[in-house]
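Colleague: Throw the hints in and build the complete structure from the sequences for me.
Heads up: the sequence lines are chains H and F, in that order. Take the first sequence: its position 117, counting from 1, is numbered 117 in our numbering, and each next residue is one higher. Convert by adding 1000 to the 1-based position in the second sequence; the result is the number in our numbering.
Hints listed in this document are in silico derivations from the structure and should not be mistaken for laboratory results. Mixed in with the good hints there might be a few duds.
Said to hold, decoys possible - Using C-beta positions, here's what the derived DEER-type ranges look like:
1. H:Arg-24 <-> F:Gly-1059: 56 to 64 Å
2. F:Arg-1062 <-> H:Ala-10: 34 to 42 Å
3. F:Gly-1113 <-> H:Gln-48: 48 to 56 Å
4. F:Arg-1062 <-> H:Gln-48: 50 to 58 Å
We treat Cβ as the ideally placed atom computed from N, Cα and C, and that holds for glycine.
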Amino acid sequence: MVQRVLSEKALSATFAALADPTRRAILARLAAGPAPVSALTEPFRMSQPAISRHLKVLERAGLISTARDAQRRPRRVEPKRVAEVSDWLERYRQSLEANFERLDALLEIMKLEQPRGESR
Amino acid sequence: MSLEITLPSEREIRFTRSFAAPRPLVFDAYTRPELVRRWLLGPPGWTMPVCEIDLRVGGAYRYVWRKDPGIEMGMGGRYLEIVVPQRISCTEQFDDPWYEGEAVGTIELTESGGRTVLTHTIRYVSQAVRDAVLKTPMESGMRAGYDLLDQLLRSL
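Modeller: Given below as structure tokens:
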């Protein structure tokens, strides 16, 4: 059975956070290194409040955090949560891959059985 | 290429996989019942006693999987679009649905240099439904799998 590392609620918040392309882009930017809100407004051509709203959603989902100690309060990715989500997706992927590996084997058999030159 | 899962929009899940076979063979493996039931199985112990395919627009398909003693799971739908051997679109509904509404699945096949890339995009009625499906892969019919490749090769 699939082990659920994340609770239903956490997973829900995480998928909702990741459903938005801007938030995915922000997360990708932060994966390259921590950045304060001000550094994110320009590349995303958004107002500071708009960026802050996206950051709040990402933070609530546990995907990023704010360094409270530093003056510019840079946001950074939370590698543990990102790894949990990617582990979860990997298990999901593997469960489907088994069927496709059987299909690979079947296609090899079909190729052998197919007379040369026959195609639709 | 191993299987890739992406979320192309808020309501969709997309699976992308490439196969070392020309497109007509992949199309057949997806649409001829005697071939479908050889691979679309899931974990060991499951068989596919019902695999009916009426491959025409408006035609129905029905799949039933069984695991002894007496555990069954069925699904089916209607074909919305068929372009041999490149595109199939159909509705998808499970007998015992755990999600709301009828999903629409679209399979597209593109061939290049003897290899075929398959994309299977499933569109759900809402983002909430899509997310619910993502959270419950075990129940979704996309069950945890085991590698039965060796077994199938031995049957050659």
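Colleague: If a hint holds in the structure, say so; if it does not, say that too.
Modeller: Now the hints, each set against the structure:
Checked against the given bound of 56 to 64 Å, the beta carbons of Arg-24 (chain H) and Gly-1059 (chain F), roughly 39 Å apart, lie outside it. A C-beta distance of roughly 37 Å is found between Arg-1062 (chain F) and Ala-10 (chain H), which places it inside the suggested range of 34 to 42 Å. The given range of 48 to 56 Å is respected by Gly-1113 (chain F) and Gln-48 (chain H), whose C-beta atoms sit roughly 49 Å from each other. The hint said 50 to 58 Å for the Cβ distance between Arg-1062 (chain F) and Gln-48 (chain H), and at roughly 55 Å that hint holds.
Hint check: a violation occurs at hint 1 only; the rest are consistent with the structure.
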